[in-house]
Amino acid sequence: MRYAGRWRSRITLGVPAAAALLLLVVPLVTLLLRAEWARIPSDLATPNVLPALRLSLTTTSSTAVLCLILGTPLAWFLARSEHRTTGWVRALLTVPLVLPPVVGGVALLMAWGRTGLVGQHLTPLGIQIPFTTVAVVLAETFVAMPYYVLAVEGAMRGLDPRLESVARTLGASDMRYLRTVAIPLVLPGIASGLALAWARALGEFGATITFAGNFQGRTQTLPLLVYVELERDPQIAISISIMLLAVSVLVLGVLRGRWLR
Amino acid sequence: MRYAGRWRSRITLGVPAAAALLLLVVPLVTLLLRAEWARIPSDLATPNVLPALRLSLTTTSSTAVLCLILGTPLAWFLARSEHRTTGWVRALLTVPLVLPPVVGGVALLMAWGRTGLVGQHLTPLGIQIPFTTVAVVLAETFVAMPYYVLAVEGAMRGLDPRLESVARTLGASDMRYLRTVAIPLVLPGIASGLALAWARALGEFGATITFAGNFQGRTQTLPLLVYVELERDPQIAISISIMLLAVSVLVLGVLRGRWLR
Amino acid sequence: MSRTAESPRWLDARVRLSRGAIDVDVALSAEPGQVIGVLGPNGGGKTTTVLALAGVLQISEGLIRVGERVWDDGSRPLAPEERAVGLMLADSLLFPHLSALDNVAYGPRSRGVDRRRARDRARAELDRVGLADRARSSPRELSSGQQARVALARALATDPQLLLLDEPLAALDPDTRARTRSDLAGRLAAYDGVTVLVTHDPLDALTLADHLVFVEDGQVTQAGTPAEVLSEPRSAYVGTVVGLNLYAGQGDSHGHVRTADGGLVVTTSPTEGSVWATIPPSAVSLHLHEPEGSPRNAWRVRIASVTMQGQSARVGLVGDLALTAEVTLESVTALGLQVGRDVWAAVKATEVRTYPR
Amino acid sequence: MSRTAESPRWLDARVRLSRGAIDVDVALSAEPGQVIGVLGPNGGGKTTTVLALAGVLQISEGLIRVGERVWDDGSRPLAPEERAVGLMLADSLLFPHLSALDNVAYGPRSRGVDRRRARDRARAELDRVGLADRARSSPRELSSGQQARVALARALATDPQLLLLDEPLAALDPDTRARTRSDLAGRLAAYDGVTVLVTHDPLDALTLADHLVFVEDGQVTQAGTPAEVLSEPRSAYVGTVVGLNLYAGQGDSHGHVRTADGGLVVTTSPTEGSVWATIPPSAVSLHLHEPEGSPRNAWRVRIASVTMQGQSARVGLVGDLALTAEVTLESVTALGLQVGRDVWAAVKATEVRTYPR
Amino acid sequence: GSAPSSADGTGQRGWSDASAAPLQGTVTVLAAASLTESFDQLKNDFERAHPGVTVETSYGSSSTLVQQVDNGAPASVIALAGTAAAEPLDKSLVKDTKNFATNVLEIAVPPSNPAGITSIDDLAKAGVKVVVCADTVPCGKAAHATFTKARIVPNVVSKEVDVKAALAKVKLAEADAAIVYHSDVVAAKDAVTGVPIERRYNTTLHYPVITLADDAASRAFVAYLLSETGLATVQSFGFGAP
Ligand SMILES: Nc1ncnc2c1ncn2[C@@H]1O[C@H](COP(=O)(O)OP(=O)(O)OP(=O)(O)O)[C@@H](O)[C@H]1O
Ligand SMILES: Nc1ncnc2c1ncn2[C@@H]1O[C@H](COP(=O)(O)OP(=O)(O)OP(=O)(O)O)[C@@H](O)[C@H]1O
Ligand SMILES: [Mg+2]
Ligand SMILES: [Mg+2]
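As you go down the protein sequences, you meet chains A, B, C, D and E in turn.
Using my numbering, the letters of the first sequence map in sequence onto residues 1 to 261.
Using my numbering, the letters of the second sequence map in sequence onto residues 1001 to 1261.
Using my numbering, the letters of the third sequence map in sequence onto residues 2001 to 2357.
Using my numbering, the letters of the fourth sequence map in sequence onto residues 3001 to 3357.
Using my numbering, the letters of the fifth sequence map in sequence onto residues 4001 to 4242.
These are computed hints drawn from the structure, not numbers from a lab.
Backbone N, C-alpha and C define an ideal beta-carbon position, used for all residues, glycine too.
Please note that a few of the clues may not be correct.
What the hints assert, rightly or not - Only pairs whose alpha carbons sit at most 20 Å apart, straight line, appear in this in silico SDA-like list of lysine to any residue:
#	chain 1	residue 1	chain 2	residue 2
1	E	Lys4043	A	Pro51
2	E	Lys4171	B	Val1118
3	E	Lys4189	A	Pro51
4	E	Lys4171	A	Val134
5	E	Lys4171	A	Arg34
Claimed, not checked - Label pairs and their calculated CB-CB ranges:
#	chain 1	residue 1	chain 2	residue 2	range
6	B	Leu1032	A	Thr58	29 to 39 Å
7	B	Ala1019	E	Glu4228	52 to 62 Å
8	D	Ser3231	C	Asp2133	46 to 56 Å
9	E	Thr4148	A	Thr58	49 to 59 Å
Using the sequences provided together with the hints, build the complete structure.
Below, the structure written as structure tokens:
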């Protein structure tokens, strides 16, 4: 049910759309144009690139999984709640987006650190979170989860509530309805939420370096490596950034193109 | 059409939802608990706080407006396109999320800077973007627009295409359908997209500092001020951060509660 | 539907709640195996009643009891999935991501039947609505009538104690509808739960239901067996549905009934006081000139509409008395019955029945 | 619908496209002011045809021409908003964020009418469908029948050249339906565009349409005026719709018709070769014992269904010949006609009509 | 957890015992970002000398590192840019503090040097775009002091949050000059050109190394940093002697 639009509409809509696309694409294109492509292979052969890539991929995947299994139920509760407070909870969820990442990292340290609000109770159990890979995942989840929850909640609110009524009269519990109807139907929303959250986690820098430190192989993700290399050799940093972009475009393009939609 | 769920469902869904909420809320609560509340008023009376607050509000509002008028048409085109390439364009849109903010800033400089790809043609016209408030808006738009576009696109895909068919047989053009039916119906999606984008812009740090620099009243937004103050006195930084959070929760809570949904 | 307290019915429901502009107060009761037909004008509260029985809406007062179990007493409603209920709404509301087969199998699966047996059951149900060959289709690929049939199959696949069908046959073509109606009749006869069938089609109601309930403006205006309702309609709406001309009026002992509009009807079966008077359309004869002879009722009327129905025509008349006549197609041609023409309508007094209001 | 080339009709459409499993090929033509009734079994392609006319689907071959203007010739379709078309689908598809009034005013507003006049128009349209008092309601607050009425008002509010109504009356209660039908008849009579009316209700088709088109499996199986179709149905489906028993068979010069199922029918109007034979249900009489006397057709049959219709009953019969009989309610009681009972069905040879296939 | 523990659990203490029993364990070193290259070198050298020891390094801005330590991050040694940065540090955690390097300010200009900067006075020329660090960070404070001493009021277009941001503006020729540290100019290689600032206007920054853990390996690492070889390594990256 698609049509070739009329010219007037096309222009009045096409011009701003093109402008939006340009605003986003011009800097990326510049980055690619200014890169020294011949150097990229050797830049990427630097011994700390591979561990950082591996770490980035494992931590962001963990974050994505956490979003999926923890964030989906939260989105579900928010979506079906009609309580006045829901709006405020939703506003609260956006706080990690607003928080300057470094402050977010400090907050995480204050909460989970050895002397932190929660951390002080973990220390006697022999659990220390800062400077570990777990800390990276926590930091990434902290910044990325809101994107996921808000995207999925929005999608879930769009469901026809009568479908739920029918499913329930057919004998489906909350859980079963969620699993067999709601989630399959909001799969595009979940996909875009996951994409947002994963991408945000992949680019996460400020909270990670503050909360988890910058240890090669353990907490040094690609953005942290870029930061370090920027100090040493900006060209390496750009090479790594381009690889980061390539990885993300590839993962998102392939996943969304093939499986998710 | 809401029910009190059964206990088993409540628990199997409630526990992960609560975990998700805790992950996000614990650090924020810690931040609030650790703040020296008595000091906050005097901390906020520091003369550079007010200009930074004003600048943050003006630039993020500009960004929100840009998202609205440029991003909505882009989302619309993406939503109705069924072309194979759409998935890749969508993946491309997530790139600014993945790009470490500092690299994003570098890319912006390379594009719009004095010697940049686009900027070099602007310089003879007397237009210089870096170090200006315009640069702040550009940087914020660069990082925030993708959130907006992806959220709105998702919402628009959820529309029943037959509504469009009916609207068009009633004589509505593309534009009119978009304005009178599609946008009103995806208002929740637009609201949550705007909230995401606005919040992301409000917290934007890395790209801004790199591309726009840090000059009081002109390019020093709240997160930049927080970072600078963190060097001097972490407590001031936390006070300002708390104000930042309060502003964002207030704006989002009030806007979404009252008008948008 | 007044019942003595000592014989509680198997289904015993008094649905009271407010929806939009109207207050719904509908009482339903039935024994296992019975079919309650619910009829009424648009917006009367039929769907609302059905949703309350399903547990999708909660009653504010009243009681819903099925067998021994109280489903809702206005305070602690059972959730829909705790009620052994089957629901089909006027919109088919199929799960768009599941095939027709999996839509039908959804109920059995949710109620714990294993995948293979649920699918077998679903296949059998689809076969019964004539869609065995579309089992793999997604709902989007089905026409509206096909979707309605899948939804019907889905509601029937769970063998509920209470089966709620909201206009199940409205989207079906006459052929399929006739087949589905008789298939449904067969199935409902073998079914030991209670069925609540909302319909706008009097034929469905008369052929499928043991008991009819008319809901108008949230209230029950008439309830009874089809025969009772047919013989003594008690609202203008019911009259329209059963195809009788119905008048509220004041009767005297001489057999004169003065209708609310001021018309005069003569009957040989006088009832005094507030009465209903009925005239079967088939008892109305039309004449181009004032009739002489036996009919004691004769009104000057104008033809407002002529519609064909099967092998006969129904002629809508306005004038001294508004009424509908049923005549043969030949009469239409022979008398030149056209809209706007003035004619005489005659009815024998023996054909006019009256009964107390 | 073969037409000579020299007199092009005002609406001239040949809709060809593939949808799902079926290939649709439907030709429609009409002069201004005419109403085309489209009937057919579920999934036959009626909605598909309507969507193609509206421009929502594009034809792969064929032509859609209205007046002088070509809307679609399989290559450069006009967009829906460039066609002067009004569309109402079976799902009412109201804009959920607009009030009933604004839904109806949407068309006029989109076509450039100013707000006040659009609202006035909308109010008038709502009044005509009996919903003047619900103008401010949101679609969600309306019952399904009320929604359908708003959708109908919306489609009628733009005075299109081509009005497409897909089952407009299906969700209405009989009372509203009768009122809406006669109102629609009045409006369509005054309307100078062409109306395409998809319906499952033969009554709608017979009373509203000038021309009937039967679409089965994507193909037109019969087209003609209601009278033509009534008198000579050419498919079993059409037979069901018009209420006649219809048989395809081979006739000989002696008036014997051997039906496809092997039954034998005797007629006094013989046609040789491949023929259709029709028997009006009212011409079938039922007997508990083998009838002696004039009827030359008598079959041993079993009662499969008994349904009441107005003041008479329709009895479905299976056996030597499958047929439907229409008898009075009294006969049902007197003869004890119950499902499963074996009876004799008799038809006078003069009542059997045959015509070439 | 990766908390440093006693090297081998035998209770041995001090640098002098290192020869007796080979050092064991992990040393977690937090260092200012500007020390990245020098400390990578130190780490490699130290690990080669003590195969039983793993040195883990984490680089970030000095204030971030201090935050981490204050909030209980397990670190053995922290090396900061400027003694002022150490002030917020929880003093109860500090076992020992030593300065190990110095740094001086320098003007960084793009290799093309578009504004023709040859001395600090040139910064005051009209139209020259100068970036400096923010007043709250050491290099900003130092730059401010230098301008005062030199009695110039340059056209500062941005007060960058750190040296890296200031340097980036020059690398991309967005600014005509930036006041940064000598070590940064060295680290940037040919991406920028350094213009020295006369000694009388310049300000010297002292880099402290703070020992936080008590174990032998950590103390051995600090001792190695302060040894002649260690200091030489640091100085080879553009830092001055303590
Ligand atoms: N979106 C679709 N994709 C694929 N097949 C479809 C789609 N919509 C309808 N069909 C199929 O096309 C055929 C024609 O459907 P259409 O909706 O035109 O039937 P219809 O005559 O309107 O039937 P009904 O009386 O049930 O409304 C049906 O077999 C249907 O299954
Ligand atoms: N969600 C709602 N909110 C408010 N009012 C509603 C809602 N749904 C229905 N109503 C109103 O409640 C009344 C009863 O509606 P209901 O759907 O029960 O009618 P119905 O008898 O099923 O009619 P129909 O024959 O048209 O389906 C109507 O007046 C309708 O406008
Ligand atoms: Mg209803
Ligand atoms: Mg259809």
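Hint-by-hint comparison with the structure:
The hinted pair formed by Lys4043 of chain E and Pro51 of chain A meets the criterion: a straight-line CA distance of about 18 Å does not exceed 20 Å. With a CA separation close to 18 Å, the supplied pair Lys4171 of chain E and Val1118 of chain B stays within the 20 Å bound. For a cut-off of 20 Å, the pair hint linking Lys4189 of chain E to Pro51 of chain A is broken: about 26 Å separates their Cα positions. A hinted pair counts as satisfied when its Cα atoms are at most 20 Å apart, and Lys4171 of chain E with Val134 of chain A does not qualify at roughly 36 Å.
Taking the CA atoms of Lys4171 of chain E and Arg34 of chain A, the gap is near 13 Å; set against the 20 Å cutoff, the hint holds. At roughly 32 Å, the beta-carbon separation of Leu1032 of chain B and Thr58 of chain A lies within the given 29 to 39 Å, and the hint holds. Checked against the hint of 52 to 62 Å, the pair Ala1019 of chain B and Glu4228 of chain E passes, with Cβ atoms roughly 54 Å apart. Checked against the hint of 46 to 56 Å, the pair Ser3231 of chain D and Asp2133 of chain C fails, with Cβ atoms roughly 34 Å apart.
The supplied range of 49 to 59 Å is met by Thr4148 of chain E and Thr58 of chain A, whose beta-carbon atoms lie about 51 Å from each other.
Taken one by one, the earlier hints fail for this structure at numbers 3, 4, 8, listed in ascending order.
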